[in-house]
Structure formats: structure tokens, C-alpha cells
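Top to bottom, those sequences are chains E and X. Here the working numbering is used: the first residue of the first sequence is 1, the next is one more, and so on. Here the working numbering is used: the first residue of the second sequence is 1, the next is one more, and so on.
Quick caveat, the hints were computed from the structure, so don't treat them as lab data. Virtual Cβ for every residue (Gly too), placed ideally from N, Cα, C. Incorrect hints may have been included.
[As the list claims (entries may be wrong)] Here are a few chain X residues that face chain E, going by a calculated C-beta distance under 7 Å:
1. Val55
2. Asp57
3. Pro61
[Claimed, not checked] If you want the ones that stay clear, here's a sample from chain E, every Cβ over 10 Å from chain X, calculated:
4. Val4
5. His7
6. Val13
7. Gln14
8. Glu15
9. Val20
10. Lys22
11. Ala29
12. Gln45
13. Gly55
14. Lys71
15. Asn96
16. Leu110
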Amino acid sequence: GENVEQHPSTLSVQEGDSAVIKCTYSDSASNYFPWYKQELGKRPQLIIDIRSNVGEKKDQRIAVTLNKTAKHFSLHITETQPEDSAVYFCAARGGNKLTFGTGTQLKVEL
Amino acid sequence: EAGVAQSPRYKIIEKRQSVAFWCNPISGHATLYWYQQILGQGPKLLIQFQNNGVVDDSQLPKDRFSAERLKGVDSTLKIQPAKLEDSAVYLCASSITGTGREQYFGPGTRLTVT
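Between the sequences and the hints, there should be enough to build the whole structure, so can you do that?
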């Protein structure tokens with residue numbers, strides 16, 4: 001089955017800096033890669049997703065890049081703000097199942 | 001539109017007891033998922049329904065966990081008997097279809113097994 005690895009597990013940045021979270025996946029047939037943000041005690045919420053026929057997607061301060069050959073994808077957050085502090089999960093869909101990474105705790109410091 | 005509803009929000013039971021969780025997906029969503037999220041980990045899919053049929057239950061511990069989605073709308077997840085390692089948040093999610101469309105998560109049920 002699919003295996004998703006996510007790095008780093010924790011990330012601390014200064015407000016205004018950029019943050020990058022990286023994920024790798026194992027199943028070359030995976031074709032959908034969402035990113036979820038989960039604030040403490042709350043439900044995961046989709047922030048951006050990308051399909052395998054696209055290399056990059058951007059939405060305001062967040063962007064995701066996908067390298068199908070290397071089987072990795074990354075989340076980029078620019079001009080970070082304190083409200084970006086949360087746990088971020090990447091995921092990959094192979095077949096009908098979504099497999100999640102282990103999460104990155106992002107802390108944006110003032 | 002109303003979101004995914006789950007109840008209860010919190011449950012504390014002793015090991016070997018049984019517990020049931022309920023989920024009401026977003027209206028019109030054919031696909032329903034149950035995930036287990038252990039503290040500090042990502043959600044792990046337990047079971048996926050398409051309408052009232054099971055699509056994937058490969059990671060469901062079938063000796064103690066069961067789930068049903070009668071009539072293809074609401075779903076219940078049951079654990080009997082519970083073990084200490086079942087302590088986790090149980091998340092229900094739904095999507096219009098199972099093919100790469102956004103999954104909307106419910107607030108989850110936090111289960112503590114003592």
C-alpha cells in the first residue's frame with residue numbers, strides 16, 4: 001500500500017519568513033495530493049490540493065509543488081503569520097484511499 | 001451547508017467495555033470515511049463506504065471494530081471490547097465521491113480508554 005513520509009516533524013519560523021514542508025510517497029499510481037491544516041483540538045481542514053497532471057498550484061500565500069518522477073511534493077507558505085501556527089498534514093491518494101503523513105507542527109514566532 | 005456531524009464529542013470508558021460513535025455526513029455526499037487519529041499522528045483510514053457498501057476496510061481491526069452505514073446516510077462505528085490502545089480521536093469525513101474530491105471532516109470523537 002501507499003506510504004507517505006513527511007518532514008520536518010516540527011518547524012519554527014519567524015513571522016514573515018517562509019516555511020517549507022516536504023512529503024514523499026511510494027505508490028507511483030497516486031494521483032491526488034491534498035494538504036490539511038489542523039489547529040489544536042479542531043478538525044483537519046483542506047488548504048490546498050494538487051493533481052498529478054499539474055506541477056505547481058498557488059493560492060495566495062500558499063503553494064504546492066509536485067515532482068512525479070521523484071515522488072515528492074512540498075507545501076510552501078510565504079509571509080508566515082501567527083495564525084499559520086498549526087499541524088500540517090500531507091496526504092496521497094492511491095486508488096480510493098487517502099494516506100496521511102505524520103504531520104508537521106509549524107510554529108510562527110513573533 | 002451544514003458540515004459533518006459527530007457524536008458524542010468525548011467519551012471515557014474502561015477497557016473491555018463497548019462504545020459506539022455516530023456520524024451524519026454532508027447531505028448528498030456518497031462517500032463516508034472513518035479515521036483513527038492517535039495523538040501526534042496523522043489520521044489513519046479505518047473504513048470507507050460508498051453509499052451503503054464498503055469500499056475499503058483493510059485497516060479495520062475486525063475482531064473488535066465494526067461499522068455500518070444503513071440506508072447510505074448516517075454511520076455508526078463500534079468498538080467491542082475496547083483496549084487501552086484504542087484511545088484516539090475518531091474522525092468521520094465525507095466527500096461527494098471517492099475519487100479525489102475534497103474530504104470534509106467532522107469535529108471528531110475523543111475516546112479515552114482507562
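Taking the hints in turn, this is what the structure says about them:
For Val55 (chain X), the interface hint holds, since its Cβ comes within 7 Å of a Cβ in chain E; the closest pair sits about 5 Å apart. Annotation: Asp57 (chain X) was flagged as interfacial toward chain E, and the flag is violated, the nearest CB pair being 11 Å apart, outside 7 Å. Taking 7 Å as the C-beta cut-off, the interface hint given for Pro61 (chain X) is violated, the closest approach to chain E being about 16 Å. At the 10 Å boundary, the C-beta of Val4 (chain E) falls inside the reach of chain X, the nearest C-beta of that chain being 8 Å off.
Chain X leaves His7 (chain E) outside its interface by the beta-carbon criterion, the shortest separation being 13 Å against a cut-off of 10 Å. With a minimum CB-CB distance of about 21 Å to chain X, Val13 (chain E) clears the 10 Å threshold, and the non-interface call stands. No Cβ of chain X comes within 10 Å of the Cβ of Gln14 (chain E); the nearest lies about 25 Å off, and the non-interface call holds. For Glu15 (chain E), the non-interface assignment is confirmed: its Cβ lies about 25 Å from the closest Cβ of chain X, beyond the 10 Å cut-off.
With a minimum CB-CB distance of about 18 Å to chain X, Val20 (chain E) clears the 10 Å threshold, and the non-interface call stands. For Lys22 (chain E), the shortest C-beta to C-beta distance to chain X comes to about 15 Å, beyond the 10 Å cut-off, and the non-interface label holds. The beta carbon of Ala29 (chain E) is kept farther than 10 Å from every beta carbon of chain X, the shortest such distance being approximately 12 Å. Distance check on Gln45 (chain E): its Cβ comes as close as 7 Å (rounded) to a Cβ of chain X, failing to clear the 10 Å threshold; non-interface status is violated.
Every C-beta of chain X lies more than 10 Å from that of Gly55 (chain E), the closest at about 17 Å, which supports listing it as non-interface. Distance check for Lys71 (chain E) against chain X: the nearest CB is about 17 Å away, which clears 10 Å, and the non-interface claim stands. Distance to chain X contradicts Asn96 (chain E) as a non-interface residue, since its nearest Cβ pair spans about 5 Å, not more than 10 Å. A cut-off of 10 Å between C-beta atoms confirms that Leu110 (chain E) is not in contact with chain X; the least separation is 25 Å.
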